[in-house]
Amino acid sequence: MIRQISAFAAYCIDAPGADEPRREHLKAHLAYVEQVMEKLLIGGPLKDEAGETIGSLIVFAVETEVEARQHIENDPYHRAGVWRDVRIARFLPVAGTLVGGRNW
Amino acid sequence: MSFDRHGRIKCGTVATPDLDAALGDYRDLLGLDLVERSTVPDDLAASWSAPASAGRAYALLQPRSGVPSFVRLIEAPLHERFTPTRTFGWAAFELTVKDVYGLAERVKGSGFETVGPPKPIEGLPYFVPMQVLGRGREMLYFNEVAMDTPSSDLPKAQSEVDHIFIVILATPDRPETLQHLKHRLRLEEGGSYTLNYTMINAAFGLADGTQSTITMVQSGRMPIVEVDGYPEAATERPRHDGMLPPGNAIVTLAVRSLDELGLCFIAPPARRSGPLYADRRAATLIGSAGELIELVELE
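Protein sequence lines correspond, in order, to chains U and S.
For the first sequence, the working numbering begins at 1 and goes up steadily by one.
For the second sequence, the working numbering begins at 1001 and goes up steadily by one.
Careful, some of the hints might be misleading.
[As the list claims (entries may be wrong)] Part of the chain U face toward chain S, derived, beta carbon under 8 Å:
| hint | residue |
| --- | --- |
| 1 | Arg69 |
| 2 | Ile72 |
| 3 | Glu73 |
| 4 | Arg84 |
| 5 | Asp85 |
| 6 | Val86 |
[Said to hold, decoys possible] A few chain S residues that don't get close to chain U, going by computed Cβ distances all over 12 Å:
| hint | residue |
| --- | --- |
| 7 | Asp1004 |
| 8 | Leu1034 |
| 9 | Ser1038 |
| 10 | Gly1066 |
| 11 | Pro1117 |
| 12 | Leu1124 |
| 13 | Met1147 |
| 14 | Met1199 |
| 15 | Asn1201 |
| 16 | Thr1210 |
| 17 | Pro1238 |
No lab work stands behind these hints, which were simulated from the structure alone.
Ideal Cβ positions, reconstructed from N, Cα and C, are used throughout, including at glycine.
If we strip away everything but chain S, and leave its shape as in the complex, we get:
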């Protein structure tokens, strides 16, 4: 089966304050290949409703496994009021890795700050995760996959650090966000889990044991978005005027047809070049939690 199919995560975009330093982390330490480096074109920035991002330097990186899924770093200043895991929008990108314990050793002393060391999760034997924050305050989960879950296939890494296979979306209204993703993007609702989510409890100062509910959104057995219902204390993500949201800024998904979805995009679909777009049409919409969802057409 082709890697590119409806709902596939094609790219996670990160806003980062120092592109060269971030490249040291993502290329030199994580081992992703730099496949494109340029500046953001005006019309692309406008299509994200982020005109002030035009002309900013960016780098596109691809896993050494060669799968056509990317991480895009775009230079942007930090926002002093942005605190990870406290705001709505894209909260984290989950990458599949070969050896999470070895990686945990390698990231020590790097630009990545470990916020959650590798730890098996009780009742979830499918992967061992760890969590780090990058220089742009973006959250990454490195997951060493052990097995598929009963309802979804989890990709085992084919390179030390492979592609993003789940993106985490923080929302004030989980049911409404699920409706958006199902009806607007033609994705499917997977399993819901109520658990002691230590990342959320720590971020909001909640007692250990406080339960949160998360729901997977997928396409067939391919997981795509983990929708997390955030506590009432969460806020909209602050952002500089005309710029991308800080941290985990954009998620790019493949879709069968842009026209078929009938969405009201920020700007009309446009054909774009480069390794990510591959001369296909792309357009961006605003999701129910204020997140930017860029879609690349497969047809």
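Chain U on its own, in the form it takes in the complex:
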């Protein structure tokens, strides 16, 4: 059975010098993530080849882009200026193990 999910994906690109605010606000960020866990499909840091964090990818299970943007606005990483740019688009999870197969 394929689950139909309304989702928005946020591709967050780090600001220059983001390492320090990320370290400083990691605890608050993780606490926020736990708080909104029910609204998350998946999320985590993006890494370069050297293993350094260069941003975040977060997929929210929400009905509207506005809700997704509000979750970003409430994230301590956003408030601390960790991300230079956040691109958000509707995401259709149509295939894969996360949704239990394919929907075509």
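Fit chain S to the supplied structure of chain U, relying on the hints for placement.
Just chain S, lined up with the frame of chain U:
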């Protein structure tokens, strides 16, 4: 006090199908001055989440009073499924005018269609309004201001047609929209009024006398947004792929500081030139009713 302050309406943007024809209405008939004419840059269109608006012709107009508040016309095709006053988003721009009855005579036979002739509103002696639709199906209210309200200052026109002083936002959830405007934009809630809103009743085929509730959002005594709770029959505004919403498309507000607001903008703030932006940073967010709110930083 400086005209530019937090929350001030800096511009109302209209999507219109024929820029030259619209200029005939706004410049030649309403008497606004054309202060800039060009095409929409790619990055500006992207900042509105409207990449297909890039390269489209636009015109920026300013009242003859000289106040730094503008009307921006951007060429865009009409959308066949867009009906004014039936969808969520920016529903109307209210301009302060000197002589609403004289203006009503002048717009006859022009590109503006009068949908509500000048008429004093019972219980609201503060202004006499009339309503027109432009060629892009944008709704304008022309208000001849008589006096301030108990809770807000209403600007008397210093030119025949002066600036936009209130914008009307149609929303499916008025309390939620108020929370957005108060907490995200640091604006204040003003008075709420429950009234027989003839524009809404006519648009939705509701019986005359059906009550609607509206709430003013302001900054101090400066009115900014009238939030209208729309009936359940209202829908999201249809729009062409990648283009601006039809009709009343964008509202631009001045804010003290973009960083201070901590908002998740469509694209990062960028410094822009021209009479509207004046080399200041600007960025756009999506409001709770799906409306585009462009912010220009004062600092």
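A quick look at each hint next to the structure:
{"no.": "1", "hint": "Arg69", "verdict": "holds, 4 Å"}
{"no.": "2", "hint": "Ile72", "verdict": "holds, 4 Å"}
{"no.": "3", "hint": "Glu73", "verdict": "holds, 5 Å"}
{"no.": "4", "hint": "Arg84", "verdict": "holds, 6 Å"}
{"no.": "5", "hint": "Asp85", "verdict": "holds, 5 Å"}
{"no.": "6", "hint": "Val86", "verdict": "holds, 5 Å"}
{"no.": "7", "hint": "Asp1004", "verdict": "holds, 25 Å"}
{"no.": "8", "hint": "Leu1034", "verdict": "holds, 35 Å"}
{"no.": "9", "hint": "Ser1038", "verdict": "holds, 26 Å"}
{"no.": "10", "hint": "Gly1066", "verdict": "holds, 36 Å"}
{"no.": "11", "hint": "Pro1117", "verdict": "holds, 37 Å"}
{"no.": "12", "hint": "Leu1124", "verdict": "holds, 32 Å"}
{"no.": "13", "hint": "Met1147", "verdict": "holds, 37 Å"}
{"no.": "14", "hint": "Met1199", "verdict": "holds, 26 Å"}
{"no.": "15", "hint": "Asn1201", "verdict": "holds, 28 Å"}
{"no.": "16", "hint": "Thr1210", "verdict": "holds, 28 Å"}
{"no.": "17", "hint": "Pro1238", "verdict": "holds, 16 Å"}
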